[in-house]
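Q: Each chain, written out:
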Amino acid sequence: MSPSPIRDRASAVGDALPVVTRERGQRQVFCGLAGIVWLHRKIQDAFFLVVGSRTCAHLLQSAAGVMIFAEPRFATAILHERDLAGLADCNAELDRVVAEVLERRPDIGTLFLVGSCPSEVIKLDLAKAAERLSGVYRGRVRILDYSASGLETTFTQGEDACLKALVPELPQLPSGERSLLVLGTLPDVVEDQFARLFAELGIGPVHFLPPRRTTEFPPLGSGTKVLLAQPFLGETARACEARGASLLTAPYPFGVEGTLGWLRAATEAWGVSDEVLDAVTAPAIARAQRGLAHHRASLEGKRISFLPDSQLEIPLARFLQRECGMELVEVGTPFLDRQLMVEEMRLLPEDVRLTEGQDLERQLDRLRADRPDLTVCGLGLANPLEAEGLRTKWSIELVFTPVHGFDQAADLAELFARPLRRAALLRV
Amino acid sequence: MQLTLWSYEGPPHIGAMRIVASMEGVHLVLHAPQGDTYADLLFTMIERRGTRPPVSYTTFQARELGSDTAELVKTSVADAFERFKPHVLLVGEACTAELIQDQPGALARGMGLPVPVLSLELPAYARKECWGANETFYQLVRGLLKPRVPEAGRHPEPRPADRRPRANLLGPTALGFRCRDDVEEVTRLLASVGVDVHVVAPLGATPEDLLRIPEADFNVCLYPETADQTCLWLERMFGQPTVKTVPIGIGATRDFLDEVGRIAGIDVTDAKSPISSRMPWYSRSVDSTYLTGKRVFIFADATHAVAAARMCAEELGFTVVGIGTYAREFARDVRECAKRYGVEPLITDDYLEVEKRAAELQPELMLGTQMERHIAKRLGIPCAVISAPVHVQDFPARYAPQMGFEGANVIFDTWVHPLMMGLEEHLITMFREDFEFHDAATASHLGSRVGASRPAEAGSESQAAAEPADSPMQADASTVIWAAEAEQELKKIPFFVRGKARRNTERFAAEQGIQTITVETLYDAKAHFGR
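Read top to bottom, the protein sequences are chains A and B.
The letter at position 157 of the first sequence is residue 156 when you use numbering that gives the first Met the number 0, and the numbering goes up by one with no holes.
The letter at position 34 of the second sequence is residue 33 when you use numbering that gives the first Met the number 0, and the numbering goes up by one with no holes.
Accuracy of the hints is not assured; some may be wrong.
As the list claims (entries may be wrong) - Residues from chain A shown here face chain B by an in silico Cβ test under 10 Å; the list is partial:
1) GLY24
2) HIS57
3) ILE121
4) ASP406
As the list claims (entries may be wrong) - Calculated cross-link-like contacts (lysine-lysine; reagent style DSS-like; alpha-carbon spacing at most 30 Å):
5) B:LYS490 to B:LYS376
6) A:LYS392 to B:LYS490
7) B:LYS376 to B:LYS491
8) A:LYS41 to B:LYS491
9) B:LYS491 to A:LYS392
Keep in mind that the hints were calculated from the coordinates and are not lab data.
Cβ atoms here follow ideal geometry from the backbone N, Cα and C, with glycine treated the same way.
Bound-form chain A, shown alone:
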C-alpha cells in the first residue's frame, strides 16, 4: 500500500468497471428475516412479529436462540391449517395475536408486522393489517409492515425493507433547512464517533436511521443529504429520494480510504474545505494506519474469495485489497445495485472476478480449484470448507461487529487476520 492512497483516487479510476458475471442456481443465503437478529437490538423499543410458518420461527430461534432471553423482542405468528383453509379469518387472528403481544409487552413503541414466504404466497395483506391496527392502537403503538421473505429479500435486504417502512413515518424537515441523514444500522460506538467527526467538520444537524428508539425519528426533507453507511439499502435510499432528499455518492466507510471518501462526500456537500477535512481526520487516520500495520503482515499477499451473502463483499474486498494487500480471487455478491456501488467498483481492480447471484455447487467447484488462503462464507458452509482444509471467515459476523470508520479499521482487518493466525497457531 502506498502511504496515502486516499488523496489520489483518480489514479485508481480506470475507464472500464469490472465485468460482472451473473449466476443462477441454488443459493446458500439467509432470507431477510435474519435482519431481525440485529435490528431488534438496535431499535430498542421495537418488536418484530413475523407472520409465517414454523420454519420462520425456527430460523429466528436457530439464529438468535443461543442467547437466553428473559424478554424476547421478536416472535412469530405461526399459520396453521385453519388459516390456510380460510376457516379462520386471518385478519381477526392477526388482531388477536397483536393484542396478545402488546399485552405482554406494554413498553413497545413500534411493532413491525414482518411478511414471510408463506404469508406472501397466500397474499395476506399485511400493509392493510398494519393500517387497521395503527388505527386501533393510535397514540400508543406505531404498527408498520415490511416483507423479509426469502422470495423477495436476501439477508441484509431485510434491513433495507425495514428501514424503507420507516421512511414515511419520518417527520418533515422544513424546507430551507438542511440535514445529513446517515442510513444503516451502526453499532452505537461507531455512531458516536461519526457524530463527533461530523461535529468537528462543522456538518450538521446529523441524524441516523435506524434510530436507537422509535421516539427519536430523524426529520427528512428536500434539504436532506443522505449518506449510506451500508451498501444494501437501495430501496430505503430511493424512498428518501422520493421525499425530496438527495443521495451523496461515496464509497462505504470501511477502512481509511473508504471512511475518508465517505466523509468527503459530506464535506463537499457542505462546502467544507479539504484542509479542514485533512486537519480533522489526520490524527484518526494516522492511528488507523498504525492499527492496520499490526495485521498487514498476516494479510499481505494472501488470496481471498467471497461467497455471496450480505452485499458487503465489494467494499470489503476493496478494503482488503487496497489497504491490507490481499489478492482478490473471486468476489461474489447476492445482488449488485450499480447505482449505489459505482464508487466502490471504480476502486476494484479491473480484472477482478465479480459474480452476482449464485449457483452454489459450481461456485464451490471454482473455490476448490482456486484454493484461496481465506474464504468469506456463511455458517452453512464454513465448517465443511474448514474440513476440506480451506480457511474461512464466517460472514455474518461482519454485520454484528463494529467495523465502520477509522478507529475500527484495524478491528476489521483483524476479523480476517484472526482465522489465519489461528490456523498458524494450532498444533492439533
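Using the hints, position chain B against chain A.
A: Here is chain B on its own, set in the frame of chain A:
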C-alpha cells in the same frame, strides 16, 4: 395463528433432514424458497459437523413463481443425482412449496432415475419436526424392505445356539440430544450382557445397512419419537420384538437389561448391579441430603420427561411438582407418569403456557429444553437441559451420554450443578444483607453473571451493572484521571474486554505522560496495543 416466542420443534422437513443427515448414501431434494438453507447451519454449527448435510434445495425466488417452478424441481433433482450419486433419493417440500403444490415427489419419480426415489409427504402446517423424522425413517425403511417382507405366518429362524444374540439400535439421529454418546453407552451395556449390536440407524447407517435390519434378533427402540413407527412395522412384518424401556436412570437401565434378557432369552442377573455408576453413592452421601424434597418442574420430549421424573423421585429424592411435554404424539406416557406423581400433566407446544405454569409452580429447579432456559432466566430459577431442542453447548466434545450407568453419572452432575451449594444456601438464609452473597445473586460457584441483579462492588447501590475486573485498577493508576466523556466511551466497550481496555489505556497514558485520559487517548491506546 399461534403466537410463538419460541417453538419446541422445527417444521417436519427439518425432521426429514435429520434422517438424511444421519445417514450415508441418501440425498434429499427439498423444494423450498431461498433462505431455507438456514437449516444447514443446525448441522454445521450446532452439531459442528465438518460436512454439508446431503440436501439440495430448489431455492426459488419471487421471480420464479411466475414461471415454471416444477421445471426447477426437475433440474435440481437431476443435478443432485448427477453430482452426489446417492443410493436412495428422497424428495420433499418445505412449508412454502407445499402452498404452490408442484408435486415434486411425483415429478422426480417420473424421471426414471436408476435408484429408489421416495416421495415424502410432510404436512408443514399440521405436523412438526419429530413427526417428520419418524415418518421419514419409516418411509425409508419400509420403502427399502417392503420387497423382502416374508409371507404372512412365516416366523424368523430361531437364533443358532452358538451365535450371540444381536440387536438393532433404532432412533438415534443427527441433532438428537446426546445420541452420539448414548449409542456408545448402550452398545457397551448390551455387550456387558453378551448382546451384539447389529445395525445402528439412522445415525451412521447406509441404505445397505437398512437392508440388513431383519437379520437381527430384536430391535431396541432408543428414541420412540423418531423410531416407534419403524419398530412397530418391523415387528409386524419381520416378527422382530422391540425392547421398549429407555435406559435413562439407574432403575430404568436395570429394567432395560431385564427386558433385553427376557427378549433375547439370556440371563442378565449378574450384570444388573450398577457397579459402573457412582451416581447411587453420590446421591446417598450426606452431602446430597439437602437435595431432599427440592421441587422440580420437568418439561421435555416425552421420553426424557418420563425418565427424568423417575430419576427425580426415586434416585435423587426430589419432589416432582409438574411434568409436561410438547410431543402430543406421546402425551399418554406423560399423563400416566403425572398420575404416578400426583401432578397435573401439561401437554402443550405453547411456550407461553409452559412459562405460565412455571410461574405458578415456582419450582426450585427446572429440567427442560433450551426454551425452559429462557423461562428459568426470566423467573430466576436454576435450570438444567434434559432434552431437545438444544443449542450448541449441548453438543459437547466430552463423552456425555444420558443413557446407561455413565449417563446416570452425567445426569447427577448436570442437575445438581445449577443448584446453590449446601453451605451457601444455609448462610444466605441466615445472613440476608451480605453485599456479595445475597439471594438475588447467582450461586457463587457459577461465577458472576451479567444481568444478575447484584449490587456493584464495595456495596455501592448506585450501579447494578457488572464491572468485574474494573475497579481495582483505578487505585493503581491514581495519577491518571479519566475525562467524563472518555469514561462514557469506555462503557461502550463490551464488558468482557472493558477491564482490559481500561488497564491498557491507563498504562499507555502513564507511559506517554498523559494526565487526563480523553476519548482520543482511549483510541490511541487501542491503536498502540493493536487490541
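Q: Now tell me if each hint is right for this structure.
A: Outcome of the hint check:
no.: 1; hint: GLY24; verdict: holds, 8 Å
no.: 2; hint: HIS57; verdict: holds, 4 Å
no.: 3; hint: ILE121; verdict: holds, 6 Å
no.: 4; hint: ASP406; verdict: holds, 5 Å
no.: 5; hint: B:LYS490 to B:LYS376; verdict: holds, 25 Å
no.: 6; hint: A:LYS392 to B:LYS490; verdict: holds, 28 Å
no.: 7; hint: B:LYS376 to B:LYS491; verdict: holds, 25 Å
no.: 8; hint: A:LYS41 to B:LYS491; verdict: holds, 14 Å
no.: 9; hint: B:LYS491 to A:LYS392; verdict: holds, 25 Å
Every hint from the earlier list agrees with this structure, and none is contradicted.
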